[in-house]
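Q: The chain contents come next:
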Amino acid sequence: MTGPIVQTQAVRKSFGTNEILKGISLSVEPGEVICIIGPSGSGKTTLLRCLNQLEKIDSGRIHVNGELLGYIEQPDGSLMERSYESLRQQRQRIGMVFQRFNLFPHMTALENVVEGPWRIKKQGKAAATAVATELLAKVGLSERENHYPGQLSGGQQQRVAIARALAMEPSLMLFDEPTSALDPELVGEVLTVMKRLAQTGMTMVVVTHEMEFAKTVADRVIFMADGVIVEQGTPQEVLQNPVHQRTRDFLSRVA
Amino acid sequence: MMVSSPASREATLIQEEVIPLNARKRPSWGRLAGGIAALVFAVWVAYTLFMAPNIHWDIVVDFFLDGPVLEGLGVTIALSVISMVAGVLIGLLVAVMQLSPNKVMRYVAGAYSWFFRGTPLLVQLLFWFNLGIIFPRLELGIPFGGPKLFGVEASIITPFIAGLLGLAINEGAYMSQIIRAGILAVDPGQREAAEAMGMPRRNIMLRVVLPQAMRIILPPTGNQFISMLKTTSLVSIIAGADLLTVVQRIYLGNFEVISMLIVASIWYLLLTTIATIGQYFLEKRYSKGFDASITVKSKVIKNLALPGQRKKTTP
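One line per chain: the protein sequences are A and B, in this order.
Under the numbering used here, think of the first position of the first sequence as 43, with each following residue one higher.
Under the numbering used here, think of the first position of the second sequence as 30, with each following residue one higher.
It should be emphasised that the hints constitute simulated quantities derived from the structure, not laboratory data.
This structure is a prediction, so every number in the text was calculated from the model and none was measured.
Incorrect hints may have been included.
Computed, partial: chain A to chain B, Cβ under 10 angstroms [as the list claims (entries may be wrong)]: (1) 57; (2) 113; (3) 138; (4) 207; (5) 209; (6) 210; (7) 296.
The beta-carbon is built from N, C-alpha and C at its ideal position, and this holds for glycine as well.
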C-alpha cells in the first residue's frame, strides 16, 4: 500500500466540558512502530480508541488504510455516518490489544483466537483452527490451547489477546498499555512477543509506559500531554535529548 | 557482626520436621441440644400427619396414579414449560428493548414491565379468559380501521389458551428484568473487544454477551420456573384442567379434600425437585471458564455429586 496506514487531521474529542484531544494530527507509515508516551490524562488512550472508532471524534478526520474511518464522504462533500456493518469491515483490519486483555472468559484460548477467522472472516472452522494454532505457537502458548483465560496468568492472557487480534490479519495493531495490568515479572514475555511482531514489519501504535521498549523497538516516539502532541521524533531525540521542558519533566519522573 | 553462611540461612527457611496438630474438636452442647430438638419436632410432625385419622393414606395411594390426575399433571407441565419458554423469549426481547438507545423502545418496554408486574396475575388470568367480552372477534389487519387480513371468534380462548397467555405474558415481564440485569453485569470490555474485532452485532449478543450473562440469569430463572410450576395452579380459577383443578373436581365428588390435596402436593414437590436438579446441571454448563480450578476430571466428579454434598467441599 502506498501512503500512510493512519492519518489523523486536527482530531478533537471532549467528554462533557473536558477537552481530551485538542487537535491531533499524526500519520503512521506502513511498517512503522510508534510508541505514544505521556502522563495519565494526556489523551493517549483516547487517541488510540479513536483510531478504531471505539470513541467517536468531535471534529477532524481519521483515515485508516486510505479510507475515512467511521464516515462516508457524500458526493456533495458532506459526511454520512457509516452503518455498523460498514464500520465493522474497517475494524476487521485494525487489531486492538487492551490493557485488561478482555479475552472472552467462556472460551478457551484456542476458541478465543478461532472466533475471528471462523465466525467473522468465515474461513471455515478447519482453516480458522489452523490459523489459530499457528498463532498460539508463535506467542509460545501451544500447551495452553485448551485453557480458559481464568486458568492463565496475565502475561499468558495478553499473549492470547495478541494472537486473537492477529488472527484477523490486520494491517495495523493498536496496543493500549498492554503491560500495565501485569505483574512485573510477566511484562517481559509480552514485550518479547510485541518486539518480534515489530520485526515482522507490522504497523503498530503502542500506548505504553515501558520506556525501554520505546527506546529499543519504536521507530518514532510521540510525547503527549494535555491533549496535544508536545514533541515527536526518534527514540534518541525524544527520550535522550527532549527539546521541551514538559517532556524532560515527564521523563525524569518515570526514569 | 556475624554473617550467616548460605547453608545455615537455608536451614532456617526450610523446617523438615512435621509437627502434627491432632487437636480435639471442641464439643458444642448447644448445637447438639438444638439438633435433637429439631429431630424430635420433625419426627413428631411426621407422626402426627401419618396417624391423623382424617388423612386417608390409602386414598392418597389410590389416586396418585389415577388417570385424570395424570392428565391434570400433564396440563400443569405443559402450561409451565410453554409459558416459561415464551416468557424467556418475551423477556429477552423486552430486555434488549429496554437497553436500546431508542427512547420509544425503552418506554414501551418499561410500560410493559410496569403494567404486568403491577397487576395481580389472578386478575390477568381472569382478564384473558374473559377477553371475548371486550373483543368478541379477534382480528389481525391494518391498524386504525384498515382492512382485516385474518380473524377468529374469541371463543378460541379456551381456559388453556387463557392460562398460557396470562402466565407467559406475566412471566415475560419478570424475565425481562432478570435478563436485563444479566446483560448489564457483563464487563463492557467484552463488548468493546468484540466490536474492535469487527464482530457482527448479532454475534456480539449471542456469542459474547449472553453466554456470560447466563451465569447471572440462570439462578433466578430456575427460581422463576420452580415458582411457575406451582403458580399454574392459579388457572384452576378459570377451570384450567390442571392438576389442582382435577383434584378439586375429584374431592367435590368423594369429599376426600385433604387426601386429594396431598396427592397434588406430592406431585408439585416431585416436579420442583426434578426442576431443581435440572437447574443445577444447567448452571454447571454455563460456569465454563469461570471456575479456574475445574479440570475435565474434577468437572465429571463434581457433576456426579448432588448439590447438597458439593456445598460441604466448597464452603
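Q: Each hint: holds or not?
A: For each hint, the structure was consulted:
no.	hint	in the structure
1	57	16 angstroms, violated
2	113	17 angstroms, violated
3	138	4 angstroms, holds
4	207	7 angstroms, holds
5	209	9 angstroms, holds
6	210	6 angstroms, holds
7	296	26 angstroms, violated
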